[in-house]
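Residue numbers (the numbering used here), protein chains in the order written: chain A, 1 to 326; chain B, 1 to 331; chain C, 1 to 323.
Quick caveat, the hints were computed from the structure, so don't treat them as lab data.
All residues carry an ideal CB built from backbone N, CA and C; glycine is no exception.
Keep in mind that the hints are not guaranteed to be accurate.
What the hints assert, rightly or not - Derived pair list, reagent style DMTMM-like, types lysine to aspartate or glutamate, alpha-carbon separation capped at 20 Å:
1. B:9 - B:69
2. C:320 - B:92
3. B:9 - B:27
4. C:320 - B:27
5. A:288 - C:241
6. C:320 - B:81
Said to hold, decoys possible - For the chain B half of the interface with chain A, some residues (derived, Cβ under 8 Å), not all of them:
7. 56
8. 58
9. 60
10. 96
11. 107
12. 111
13. 112
14. 113
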Amino acid sequence: MSYLLKRIAFYIFTAWAAITINFFVPRLIPGDPVQALISKERGQLNADAVHSLYVLFGLDKQQPLWQQYLDYWGQLLHGDLGLSFTFFPSPVSEVISSSLPWTLALVGITTVCSFLLGTGLGVLAGWRRGSWVDLVLPVTTFLSSVPYFWFGLIMIELLAGPDSIFPSSGGYDPGVTPGWDIDFIGSAVQHSLLPALTILISSMSGWILSMRNMMVTVSSEDYITVAHAKGLSDRRVMLGYAARNALLPNVSGFALSLGLIVGGTLLVEIVFSYPGVGFQLFQAVGAKDYPLMQGIFLIITLSVLAANFIADLAYLVLDPRTRKEG
Amino acid sequence: MIEPLIEIKSLNVDYGLGDEAVHAVRDVTLTLHRGEVLGLAGESGSGKSTLAYGMTRLLPPPGVVAGGEVIYHDPERGPYDVLSLTNSELREFRWAETSIVFQGAMNSLNPVHRIGSQLTDAIKAHDPRGSRQAREARARELLNLVGIPGDRMESYPHQLSGGMRQRVMIGMALALEPKVVIMDEPTTALDVVMQRQILGELVQLRERLGFSVLFITHDLSLLVEFSDRIAIMYGGRIVEQAPAKQIYTDSLHPYSAGLLGSFPALRGPKRELTGIPGSPPDLRAMPTGCAFHPRCPKSFEPCAQEIPVLGVPDAPGGSDRTVACWLHPVR
Amino acid sequence: MAISTVDLQAAAGEAAPSPRPAKRQKFRFISNGKTLAGLIILGFYVLLAIFGPILSPYDPDARGSDLISPPTSAHWFGTTHLGQDIFSQVLSGARGVVYVGLLAGVVATVLAVIIGVSSGYLANSGGEALSALSNVFLVIPALPLIIIVASILPSVSNTVIGLVIGLTSWAWGARVLRAQTLSLRGRDYVDAAKATGESTWRIIFFELLPNLTAVIASGFVGTVIFAVLSEITLAFIGVSDPTDWNWGTILFWAQSQQALAQGAWWWFVPAGLAIAILGTALSLLNFGIDEIVNPRLRSAGRIKGKTVRMRIGFTPVLGKDNR
Numbered sequence: 001m002s003y004l005l006k007r008i009a010f011y012i013f014t015a016w017a018a019i020t021i022n023f024f025v026p027r028l029i030p031g032d033p034v035q036a037l038i039s040k041e042r043g044q045l046n047a048d049a050v051h052s053l054y055v056l057f058g059l060d061k062q063q064p065l066w067q068q069y070l071d072y073w074g075q076l077l078h079g080d081l082g083l084s085f086t087f088f089p090s091p092v093s094e095v096i097s098s099s100l101p102w103t104l105a106l107v108g109i110t111t112v113c114s115f116l117l118g119t120g121l122g123v124l125a126g127w128r129r130g131s132w133v134d135l136v137l138p139v140t141t142f143l144s145s146v147p148y149f150w151f152g153l154i155m156i157e158l159l160a161g162p163d164s165i166f167p168s169s170g171g172y173d174p175g176v177t178p179g180w181d182i183d184f185i186g187s188a189v190q191h192s193l194l195p196a197l198t199i200l201i202s203s204m205s206g207w208i209l210s211m212r213n214m215m216v217t218v219s220s221e222d223y224i225t226v227a228h229a230k231g232l233s234d235r236r237v238m239l240g241y242a243a244r245n246a247l248l249p250n251v252s253g254f255a256l257s258l259g260l261i262v263g264g265t266l267l268v269e270i271v272f273s274y275p276g277v278g279f280q281l282f283q284a285v286g287a288k289d290y291p292l293m294q295g296i297f298l299i300i301t302l303s304v305l306a307a308n309f310i311a312d313l314a315y316l317v318l319d320p321r322t323r324k325e326g
Numbered sequence: 001m002i003e004p005l006i007e008i009k010s011l012n013v014d015y016g017l018g019d020e021a022v023h024a025v026r027d028v029t030l031t032l033h034r035g036e037v038l039g040l041a042g043e044s045g046s047g048k049s050t051l052a053y054g055m056t057r058l059l060p061p062p063g064v065v066a067g068g069e070v071i072y073h074d075p076e077r078g079p080y081d082v083l084s085l086t087n088s089e090l091r092e093f094r095w096a097e098t099s100i101v102f103q104g105a106m107n108s109l110n111p112v113h114r115i116g117s118q119l120t121d122a123i124k125a126h127d128p129r130g131s132r133q134a135r136e137a138r139a140r141e142l143l144n145l146v147g148i149p150g151d152r153m154e155s156y157p158h159q160l161s162g163g164m165r166q167r168v169m170i171g172m173a174l175a176l177e178p179k180v181v182i183m184d185e186p187t188t189a190l191d192v193v194m195q196r197q198i199l200g201e202l203v204q205l206r207e208r209l210g211f212s213v214l215f216i217t218h219d220l221s222l223l224v225e226f227s228d229r230i231a232i233m234y235g236g237r238i239v240e241q242a243p244a245k246q247i248y249t250d251s252l253h254p255y256s257a258g259l260l261g262s263f264p265a266l267r268g269p270k271r272e273l274t275g276i277p278g279s280p281p282d283l284r285a286m287p288t289g290c291a292f293h294p295r296c297p298k299s300f301e302p303c304a305q306e307i308p309v310l311g312v313p314d315a316p317g318g319s320d321r322t323v324a325c326w327l328h329p330v331r
Numbered sequence: 001m002a003i004s005t006v007d008l009q010a011a012a013g014e015a016a017p018s019p020r021p022a023k024r025q026k027f028r029f030i031s032n033g034k035t036l037a038g039l040i041i042l043g044f045y046v047l048l049a050i051f052g053p054i055l056s057p058y059d060p061d062a063r064g065s066d067l068i069s070p071p072t073s074a075h076w077f078g079t080t081h082l083g084q085d086i087f088s089q090v091l092s093g094a095r096g097v098v099y100v101g102l103l104a105g106v107v108a109t110v111l112a113v114i115i116g117v118s119s120g121y122l123a124n125s126g127g128e129a130l131s132a133l134s135n136v137f138l139v140i141p142a143l144p145l146i147i148i149v150a151s152i153l154p155s156v157s158n159t160v161i162g163l164v165i166g167l168t169s170w171a172w173g174a175r176v177l178r179a180q181t182l183s184l185r186g187r188d189y190v191d192a193a194k195a196t197g198e199s200t201w202r203i204i205f206f207e208l209l210p211n212l213t214a215v216i217a218s219g220f221v222g223t224v225i226f227a228v229l230s231e232i233t234l235a236f237i238g239v240s241d242p243t244d245w246n247w248g249t250i251l252f253w254a255q256s257q258q259a260l261a262q263g264a265w266w267w268f269v270p271a272g273l274a275i276a277i278l279g280t281a282l283s284l285l286n287f288g289i290d291e292i293v294n295p296r297l298r299s300a301g302r303i304k305g306k307t308v309r310m311r312i313g314f315t316p317v318l319g320k321d322n323r
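Bound-form chain A, shown alone:
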């Protein structure tokens, strides 16, 4: 269990670090971009809202830094992330909670699928090295070098259109009202197909390549030779011995690179005008909506940390060496 406790301590520390970065970034940068926006909206902001923004962005220069830091934490713990300028006068927390489920569903599911599929294909590519499967490699190399959002544009150009079953933008049909019914869910799934496919194809190739290389590396371990010497079937050696061990570094690689991948996949939402967090971040950047940007950064970071933790649990199950000694 000490492994798990260490990981939990690490995640708490990282969450603290991310929140602290979020606190310092606006304070370290010269000029007061937020001040101007607050002044502009002052007529419509009540005193509480103004105060909350002051605390978030450190405009209250009279207070010592540690006092500002404590106030900031106090506010965060109440779930107060300030008011969004783009969706004025909604609070940031409300804006994000409307978009987060969309992103969790799209990015979450496709990231996991892409890891599983890519790893599976990588197993084959690594095991059947020197056969026709090698032809897949140049294609995957190319796909893994393409920016996700650009690939999205190409997918729209190629697959979406007036006659296509793939809608090119939005999260659901404007004619349907959101709710837990067949119409809405069907429409939401249909709208997520193309963005999901985009993320899947472009992020999968990285997993194919890394799993292939791990397979090749693991294949020359002694226990693989032993497995061959034992006369085990090809399938058993490939899955039970090579892939099972090659999977371990791939899973920890998955955990570690989640932060990188999620950043890229979020922006696929932009080209599809998908109503998720990534599209909101895009809107926030365009409107210089700092409270929303910072709120989104925090939420993304915390989600990535949670996903990381799940990946750690998976690793714990997969590698007996990290489990408690018996």
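Please build the complex by placing chains B and C on the supplied structure of chain A, with the hints as guidance.
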């Protein structure tokens, strides 16, 4: 008369292909008889492990078997060439007829599977119709055979000590009662006490079960003690081959003498420790003639010119030994 | 994003196969086909970065009368909604992309080497703290952080963007280098150097760094890939140097002017392809480095025009058909 079990005939094993190939095993002919322990000794790089992996086709890339035959005298099916088997025939042949105990016990076990499942999967692969209970009982029996309590079935390799892991490997090698067990430096990674203990147990197991052993090591002293016959390799070739006692008391090849001079006498009068000057040859740039001549204290004219042929020497000691040295003309 | 094996193994806390002594592999990489192809394409991009703006047939900002015109002999890649020549924009954009990529790569690599090697070499709480720091930076999503920092800054130039990317993306390299340093630290030659009383810095510079070259190079190339993609993504969402063109800016205008809906494929295809080919070249380079560090990854051999398939567990027997 003892009958042959495996006959290796002019086996050549290379690393790499075409012009870039490095010839690691050259023209090796060697016979392992039924029920004997044949020791194969040589410095690192002499090709002894390459020979073992080459004859079983387990050599990793870029290894290639460049030629030769490995005739297995199957008691039921008669003799056949192992190198001509198809991959699926080879799969059936492996472990059932010849098993291997590998160098480095640390990495020979799959770290993510329990000991039990690594013992049973070999049994299952060769007898898919057997029951699960029967397989597990057999695995337990094998662990007991090598002195490990049966409840270690549930352990993972990292929970065992180095000596226990090597015992597991030996037990695993005996799972299908093979006729031949190849041991590649089986105890090199262990401490001396453990080494003796395990080898002692192995000798007992062999007497009980009657398999033949091809024992590969750089440690000639172990072979003198534990094997019936010894073959000595240098630069990819066998340079001398004789009953263990003869090698110890009356070796003919200067290289064998050098190897023997590298460890203290086991019993009897003390000998002087000498060692061999120089270092093993570079396989990419082998000396002309006898590969050993640059390091040989007794080299003379023909040594640098021509490669001596392995044959029965015209010397006292009987006809069951061979040597490749210009000092001892072939009969 | 392609992750090299060396990285993955190191990231998993395992030591990658030990790099060979530094001398032997010098110039070895030239003979590797993948590396060579990568280097040739990269060379072409560097030339583009230097001469692109001079070679542009038009001023990339100049408006023309042909609006949203498909590729013609006058405008090879067509025109924008303002009649600007897209070919000229792509050519001028190369400089910014290459500059930001290299700047960020250098900054991140220097940081990664300093933090990674010292956290691996110093076996004290300082080393542990540096390692924790790099893990924190690794897990925090870099791109959103870059977006926030870059958009809060009062003015962004290519240099600022390169610095921001470099300062936030060193963690992966640092982690890999730490793992490698840890495994090198226990080697005999390092112990020997310690025993003869060499100073810590001398050991780091003359004993460790030469053996980390391949890992550092692979980390550098990886960071450049990440930096180029990040820069282009930033520009695509509207955070870029307003005085300069880069391929992300072209895509930004294509997206905001509904290039897709107008069927103006020429507006976004060339810039995207330029990025993808640059990324592919960098990945190829990294594969080459991978194969040098990890010889197991090299492909099957050939003999007299016919390939002998090297299959693990079934050594080929020349002249016999073992299928």
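Identify every previously stated hint that the structure contradicts and give their numbers, smallest first. Of the numbered hints given earlier, the structure breaks none, since each of them holds.
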